[in-house]
Amino acid sequence: PSIPRHTNRLINEKSPYLLQHAHNPVDWYPWGQEAFDKAKKENKLIFLSVGYSTCHWCHVMEEESFKNKEIGEIMNKNFVCIKVDREERPDVDKVYMTFVQATSGGGGWPMSVWLTPDLKPFAGGTYFPPEDGVHRVGFRTVLLRIAEQWKENKDALLENSQKILEALLLGSEIRVRGQKSPPPSKEVMTTCFQQLSNSYDEDYGGFSESPKFPTPVNLNFLFTYWALHRSTPEGARALQMALHTLKMMAHGGIHDHIGQGFHRYSTDQHWHVPHFEKMLYDQGQLAAAYSRAFQISGDKFFASVAQDILLYVSRDLSDQVGGFYSAEDADSYPTTASGEKREGAFCVWAAEEIRALLPDPVEGATEGTTLGDVFMHHYGVKETGNVSPMKDPHQELKGKNVLIVQCSPELTAARFGLEPGCLGALLQEGQQRLAAARAQRPRPHLDTKILAAWNGLMISGFAQAGVALAEQDYVSRAAQAAAFLQRHLFDPTSGRLLRSCYRGKDNTVEQSPVPIQGFLEDYVFVIQALFDLYEASLEQGWLEWALQLQHTQDKLFWDPEGFAYFSSEAGDSSLLLRLKGDQDGAEPAANSVTVTNLLRAACYSGHMEWVEKAGQILAVFSERLQKIPIALPEMARATALFHHTLKQVVICGDPQGEDTKEMLRCVHSIFSPNKVLMLADGDSAGFLYRQLPFLASLERKDGKATAYLCSNFTCSLPVTSPQELRGMLCP
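First residue of the sequence shown? That's 60 in our numbering, and the numbers climb one at a time after it.
Note that these hints are calculated values from the structure, not bench results. Given the structure is predicted, the values throughout are model-derived calculations rather than measurements. Glycine is no exception: its CB is placed at the ideal position from the N, C-alpha and C atoms. Please note that a few of the clues may not be correct.
As the list claims (entries may be wrong) - Computed spacing ranges between beta-carbons, pair by pair:
1. W116 / G480: 40 to 48 Å
2. N771 / G554: 24 to 32 Å
3. S467 / G762: 26 to 34 Å
4. G357 / S467: 17 to 25 Å
As the list claims (entries may be wrong) - The calculated DSS-like cross-link candidates involving lysine-lysine, where the alpha carbons are at most 25 Å apart (straight line), are:
5. K734 / K760
6. K720 / K760
7. K136 / K99
8. K100 / K213
9. K686 / K720
10. K734 / K706
All chains should be modelled from the sequences, with the hints used to inform the complete structure.
The structure is reproduced here in structure tokens:
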């Protein structure tokens, strides 16, 4: 590689996204005091650009504008330019995204915002083309106009920014008003079910026309709704909607049939042509959703998809020391000789490539049939490519195919006169050969940042799959990642989590000179992961750490006046707003997940003030939960758990005993959203017995492993057979 002409301060950062911009002619600063001081001292406006390393349009804006020398000069002369990785600093991202959404009606990345020297926003947008077009004003023009305004109308601009900030403070405040009690759970659940049912796509599954997102939060809501209404037509429909969506996604092009795992989202209604980046948070939540689908339906298809996701993560997103990386990019070089990257290049196929790789005649099939014929038919491959030009505005996928399963195995077999039983092996052979050919292509960029929150979601995915699929290796992988978090993203002296660490040279783990402290979502997703890991492994150490983190979370983020948790802690003067998320989107909102965490924490500790806090959070969001619960399906789900009270399933027995294991297998095989599992192993000095005195009164009946179903620490009669236990768990 040639020696770069320019190098700016981002060269000293650890974030892969910031490092991508270290050789721009723009004099970028990271978010921090040095940049703020410079803006004040020189009385300059700030240009803030926020993105992430696997964001397609962020790459486009960099190529067009930030690598352009003239545009760089305009930026350096008139502004202090700051780059932020939204995955490192979700707090900064949310403050300014709130402004962009409020003023432009839309949002997204790259986000471009202009701030006064005291960090107040006054103008912003997302992607800007470099020059003026017919419909859009160009970035160069916007820069010059804003610089001109600052020269000519500084006072008006400052006054305006103050008014904007006041409006944002007012509009973004979420606090308990009047009503101090949680909303009625039945009404919230019914409304949320109806809103999802009305937006459901009967043919292809999912909850919108296009683009289509995986939205595991919707599927989890539907599973819980089904579990609480098993015998009703609505319950049956909820389950059918969730399972059909998961099936259509797994058949679609959003699922990587050659390299495993799921892409970010589909650009069309059919789950066919995706945006190709792969994010850790999707893999974690989808592994859990497919595992639950298997647990409920017993259909091995869902188990195989969960295994496929976990194979991808173990192979491609795993750090040797145990953590999980953040994402893989959508864009890559089509060949080693290519000069420019293309979206999807790593994943798409020309028909002739597949023919050349799979020329073998197929035994037992109609005369002249090759393995290529069978494979191409099954995966919807066309000679001229199967991507509609409407879904390919930049013609990056012209003549290429995104694999999508369009036939059942039976139909494909019948088409070529094959026995249905032998199709699986043929397709597998085809997949392996394509995977080997793909391994020769240049790989997309890997974002090797390790985030506490997303690692939490992935640990839950491995732990839940380990339970539902009875696969001990998955539980061990979850434990390895939890140990990684404890070692690299936790400070035992302060009891606090850190947000991120990074893969260094020779696979070491590196930390920024000033580590970023954990945000609310880091605590919430890690605590959830530790509860899931305890239920899967029954190692009490994870439980102890979860409760310790819950106390820290309360101390750092709880709003004692307005209730619920703030997303970021107090005391950072560079943050204009302390916000509370109110949307379950690609990731669930932290306040939604924390309701269930608090209920679980109370069951394991006997601290009933945690139940009270859970109720106070539901009260804060009460109006939204009653009007548009579809915006908060994870919190809507939690209202039901709050209302029904979690059931403590206590197994008294020797952890190594076969009878204990049999009882545990029974509990693990049943999807029961309102239970917490604990093992009473008789060690009265252990953590659980110290937390919960009532455990001492529960005994093994006739020396056998014995189960009790307890609610608010009062217990049912003991049962010693898995059949009786199943009857209690599935009333």
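Each hint tested on the structure:
In this structure the supplied range 40 to 48 Å holds for W116 paired with G480, their Cβ-Cβ distance being about 46 Å. For the hinted restraint 24 to 32 Å between N771 and G554, the CB-CB distance of approximately 29 Å keeps it satisfied. A beta carbon spacing of about 52 Å between S467 and G762 contradicts the range 26 to 34 Å that was offered as a hint. At roughly 19 Å, the beta carbons of G357 and S467 sit within the given window of 17 to 25 Å.
Distance check on the hinted pair: K734 and K760 sit about 22 Å apart at the alpha-carbon level, within 25 Å; holds. With a C-alpha separation of about 16 Å, the suggested pair K720 and K760 falls inside the 25 Å cut-off, and the hint holds. Proposed proximity of K136 and K99 is supported: the alpha carbons are some 15 Å apart, at most 25 Å. A threshold of 25 Å between alpha carbons decides the hint, and for K100 with K213 the separation of about 16 Å falls inside it, so the pair holds.
Note on K686 and K720: the hinted pairing is violated, with a Cα-Cα distance of about 45 Å set against a maximum of 25 Å. Only pairs whose Cα atoms come within 25 Å are accepted, and K734 paired with K706 is accepted, the gap being roughly 5 Å.
In summary, the numbered hints that this structure violates are 3, 9.
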